[in-house]
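Make a model of the complete structure from these sequences and hints.
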Amino acid sequence: MSSFPPRVSIALVSLAALACCALPAYAGQGRLLATGGATQVEGSAGGGVVPWAVLAGYGTDQQLGGTAFYTRVDTGDYALDAYGAAFTLHNRLELSVARQSFDLGELQRQLALPWDALEQDIFGAKLRVAGDVVYTRMPQISVGVQHKRMRDGTLPLALGARDDQGTDAYLSATKLFLDGAGGYQLLLNATLRNTSANQGGLLGFGGDQRAARSWVWEGSAAVLLDPRLAVGVEYRQKPDNLGFAREDDWRDVFVAWFPNKHVAVVGAWADLGSIATLDDQRGAYVSLQLSF
Amino acid sequence: MSIRTLCLSACLLLLTACASTPPPRDALYNELGGQAGIEALVETLLFRVSDDARIAHHFKDVNIINLNDRLVEFLCVQSGGPCTYAGKDMAEAHKHVKVAEADFNALVEDLMWAMDQRGLSRRTQNRLLQRLAAMQRDVVRRGQQASLQSAESGAAR
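Heads up: the sequence lines are chains A and B, in that order.
Per the numbering used here, the first sequence runs over residues 25 to 316.
Per the numbering used here, the second sequence runs over residues 33 to 189.
Treat the hints as calculated values from the structure; they're not laboratory data.
It is possible that some hints are incorrect.
As the list claims (entries may be wrong) - Taking lysine to aspartate or glutamate and the DMTMM-like style, the derived pairs with C-alpha atoms no more than 20 Å apart in a straight line are:
#1 A:Lys285 x A:Asp250
#2 B:Lys120 x B:Asp170
#3 B:Lys130 x A:Asp98
#4 B:Lys120 x B:Asp101
#5 B:Lys130 x B:Glu141
#6 A:Lys285 x B:Glu141
#7 B:Lys120 x B:Glu105
#8 A:Lys285 x B:Asp84
#9 A:Lys285 x B:Asp148
#10 B:Lys120 x B:Asp93
#11 B:Lys127 x B:Asp170
#12 A:Lys285 x A:Asp85
Printed below as a string of structure tokens:
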């Protein structure tokens with residue numbers, strides 16, 4: 025694992041410092057279990073691959089909260105590691121940083137590439153605009169951005185990408201129906217994203233085939249069998265900007281376990297479709313989240 | 033049986049399921065165990081609350097017998113039972129109390145614990161939670177006073 029650039033280090037250290045020093049005085053766990061969601065692969069509170077309208081941690085309107093996470097997806101040909109932290113102010117504004125490291129595995133062997141991984145840093149902000157996921161008739165609605173910077177964009181740029189950095193913007197609506205699914209709690213989420221990212225940004229932004237930004241939709245549905253256990257599905261539409269390789273939508277089925285307000289574990293089976301000419305990328309997804 | 037017949041039967045079944053009459057209004061009351069079940073649930077809940085350092089202070093000057101009786105009536109009415117609620121409505125009853133979001137959620141967690149203790153099924157629990165959730169905005173005061181007090185107690189911790 026390579027070392028952090030100064031900017032990320034400062035951000036991470038600041039978050040860690042907040043977690044250790046400032047938070048014991050002000051951090052709260054006042055929201056209900058699981059209402060902070062898990063951490064999606066880009067570091068925002070959400071499901072596995074979709075950001076939800078909920079904000080990280082368990083702080084209420086008068087409290088602070090936050091999370092740290094580590095996620096690994098392994099398709100056999102490739103592997104993705106993601107880790108980072110999020111901090112939420114008064115259940116209103118979520119700030120997050122994450123790093124993704126995409127192990128090129130099989131592609132590197134096939135093409136004898138001089139890179140073994142593609143990496144990007146993601147700086148996220150999410151603002152809760154209206155509603156409460158549990159208590160209001162309307163869904164909780166949030167708007168967010170994810171600013172993504174590749175650490176070395178040489179390969180994606182050579183493959184036709186227009187840029188090695190880009191910013192996604194999204195609108196999410198999330199609602200928990202307390203007796204929604206045959207008497208069990210049902211969580212529904214819909215997200216509309218504006219993006220130019222190829223494979224979430226790991227293959228750069230924009231492309232020779234399509235340079236413009238795209239609107240894509242993402243959805244999640246989960247049933248809570250118990251306040252601590254959710255099973256669900258997700259779908260994430262993606263643009264298809266690059267000429268050299270097709271890009272598919274992502275989907276997954278997941279089980280999320282919230283034993284308490286400090287730990288969450290998500291296991292999933294993800295179907296990521298075709299990635300950089302290698303088709304049928306499917307595999308296990310595991311994510312660990314710590315909340316404070 | 034042909035595929036078409038199968039599909040038709042499935043559609044008809046679905047339609048029948050949707051058109052069937054909703055459960056009677058007192059179904060939840062019966063699921064909670066009627067009057068005796070609700071009384072036991074409220075007793076379990078109030079014991080839990082009195083031990084809950086997060087919110088016990090809200091109840092220290094409250095007439096607990098009266099609270100118990102009003103809560104039983106309230107849950108009876110909310111679940112469709114044959115009772116009359118003699119208390120104030122939720123907004124009126126909490127007009128002078130500084131209940132923060134976290135306080136309300138603490139009570140919800142205590143209620144969920146109490147329902148588990150009483151052995152109520154997940155679906156029954158969810159049905160009751162669904163009926164009570166809409167009251168959150170009447171109980172939680174987001175006024176200046178509530179914020180200040182909580183901020184002070186937060187800082188003092």
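Subject >> Distance restraint between Lys120 (chain B) and Asp101 (chain B), which requires alpha-carbon spacing of 20 Å or less >> reply: holds, 13 Å
Original post:
Is Lys285 (chain A) within 20 Å of Asp85 (chain A), Cα to Cα?
Top reply: holds, 17 Å
Original post:
Straight-line Cα separation of Lys285 (chain A) and Glu141 (chain B) no greater than 20 Å?
Top reply: Given that 20 Å is the threshold and the Cα spacing comes to 12 Å, the pair holds.
Original post:
Are the Cα atoms of Lys130 (chain B) and Asp98 (chain A) separated by 20 Å or less?
Top reply: violated, 50 Å
Original post:
Are Lys130 (chain B) and Glu141 (chain B) close enough, with their CA atoms no more than 20 Å apart?
Top reply: Cα-Cα ~19 Å, so holds.
Original post:
Holds or violated: are the alpha carbons of Lys120 (chain B) and Glu105 (chain B) at most 20 Å from each other?
Top reply: holds, 11 Å
**OP:** For the pair supplied as a hint, Lys127 (chain B) and Asp170 (chain B), confirm whether the alpha-carbon distance does not exceed 20 Å.
**Re:** holds, 9 Å
**OP:** Mind checking the alpha carbons of Lys285 (chain A) and Asp250 (chain A) for me, to see if they're no more than 20 Å apart?
**Re:** holds, 15 Å
Original post:
Is the hinted pair Lys120 (chain B) and Asp93 (chain B) satisfied, with a Cα-Cα distance of at most 20 Å?
Top reply: This hinted pair holds, its Cα atoms lying about 17 Å apart.
Subject >> Straight-line alpha-carbon gap Lys285 (chain A) to Asp148 (chain B), limit 20 Å >> reply: Given that 20 Å is the threshold and the Cα spacing comes to 18 Å, the pair holds.
Subject >> Restraint check for Lys285 (chain A) with Asp84 (chain B), where alpha carbons must lie at most 20 Å apart >> reply: holds, 17 Å
Subject >> Distance restraint between Lys120 (chain B) and Asp170 (chain B), which requires alpha-carbon spacing of 20 Å or less >> reply: Given that 20 Å is the threshold and the Cα spacing comes to 12 Å, the pair holds.
The structure fails to meet hint 3 from the earlier list, while all remaining hints are met.
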